[in-house]
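Which chain is which? The protein sequence lines are Z and Y, in order.
The number in the numbering used here is simply the position in the first sequence, starting from 1, with 68 added.
The number in the numbering used here is simply the position in the second sequence, starting from 1, with 48 added.
Keep in mind the hints are simulated off the structure, nothing from the lab.
Heads up, the beta-carbon is just placed ideally off N, CA and C, and yes, glycines get one too.
Among these hints, one or two may not hold up.
Stated by the list, open to error - Reference excerpt, derived from the structure (chain Z facing chain Y, CB under 7 Å, subset only):
#, residue
1, Pro75
2, Tyr100
3, Gln110
4, Gly111
5, Pro112
6, Tyr114
7, Tyr162
8, Phe166
What the hints assert, rightly or not - Calculated cross-link-like contacts (lysine to any residue; reagent style SDA-like; alpha-carbon spacing at most 25 Å):
#, chain 1, residue 1, chain 2, residue 2
9, Z, Lys168, Y, Leu161
10, Z, Lys137, Y, Glu150
11, Z, Lys168, Y, Arg159
12, Z, Lys168, Y, Gly64
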Amino acid sequence: DAKTTQPPSMDCAEGRAANLPCNHSTISGNEYVYWYRQIHSQGPQYIIHGLKNNETNEMASLIITEDRKSSTLILPHATLRDTAVYYCIDRSGYALNFGKGTSLLVTP
Amino acid sequence: KAGVTQTPRYLIKTRGQQVTLSCSPISGHRSVSWYQQTPGQGLQFLFEYFSETQRNKGNFPGRFSGRQFSNSRSEMNVSTLELGDSALYLCASSLGASGGQETQYFGPGTRLLVL
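From just these sequences and the hints, can you work out the full model?
Here it is as C-alpha cells:
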C-alpha cells in the first residue's frame, strides 16, 4: 500500500499557482520523494524528485519540510494542460508505489 | 531522444488466451519495468528486468512473466487470461546503473481488454 496521503481532488484557476500537498508520515531518511502525473489514459509523466532540499525544474517546484513529513508540489502558472492526477511517492526501493493521487482540475 | 514505446497500443483477447506485450526503452536505458493499472487496484508494480535478468518482482501470480533481450527491449506475457487482467499495462525504463533510485520514464501503455 502507498505510504503517502494526498487530497483526492483540487481545483485551480488557469494562470494561478497550483499547490499540491502530500503527507509522508512514515518516510525514512533514505527515501526520496517523487512526483509523477498522469493525464487521462496516458502513461505517468515524471515531474520532479528530492530528498531533503527544495528542488525546481522547468515543470515545477518541490518544497519538502524540514522534518520531511510533508511536501508540496508547486505548478507556478497552471494551464488547462496541467489537468491530471498527481501522485507523490515515498521511494525506498526500485518499484514506484503509486497511491490514489490528487485529481487536479484547472479551470478557465 | 525518443521515449519509451509500447506495442500494440490496444488489444482484445478472450478468457483463456495468452498475450504478449512489447516495450522498447529509451536509448541507453538498460532497465525495464512493467506496471499494471486497473480502476480498482490502481498502478501496481509487476517486475523489473536488467541485463536480461529479472531483478525485482511485485506480487503477481506466475501467469505474468517477462523477459528482456540483449538490446534491452522487453516483452511481457500473460497466460490463461482472466477477465480481471483487463488493464492498462505500462512499461517504464531507467538507466539501470544503480539499481535503486533512478528516475523511471513511462511509455503510453497497452490497453488490454479480456472478454
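Against the structure, the hints come out as follows:
1. Pro75: violated (16 Å)
2. Tyr100: holds (6 Å)
3. Gln110: At 6 Å from the nearest chain Y Cβ, Gln110 (chain Z) passes the 7 Å test, so the hint holds.
4. Gly111: holds (4 Å)
5. Pro112: Holds, about 5 Å.
6. Tyr114: holds (5 Å)
7. Tyr162: holds (5 Å)
8. Phe166: holds (4 Å)
9. Z:Lys168 - Y:Leu161: Given pair Lys168 (chain Z), Leu161 (chain Y) holds - Cα atoms ~22 Å apart, limit 25 Å.
10. Z:Lys137 - Y:Glu150: Holds, at about 22 Å.
11. Z:Lys168 - Y:Arg159: holds (20 Å)
12. Z:Lys168 - Y:Gly64: Measuring from Cα to Cα gives roughly 30 Å; hence the hint is violated.
Going down the numbered hints, you'll see the structure goes against 1, 12, while the others check out.
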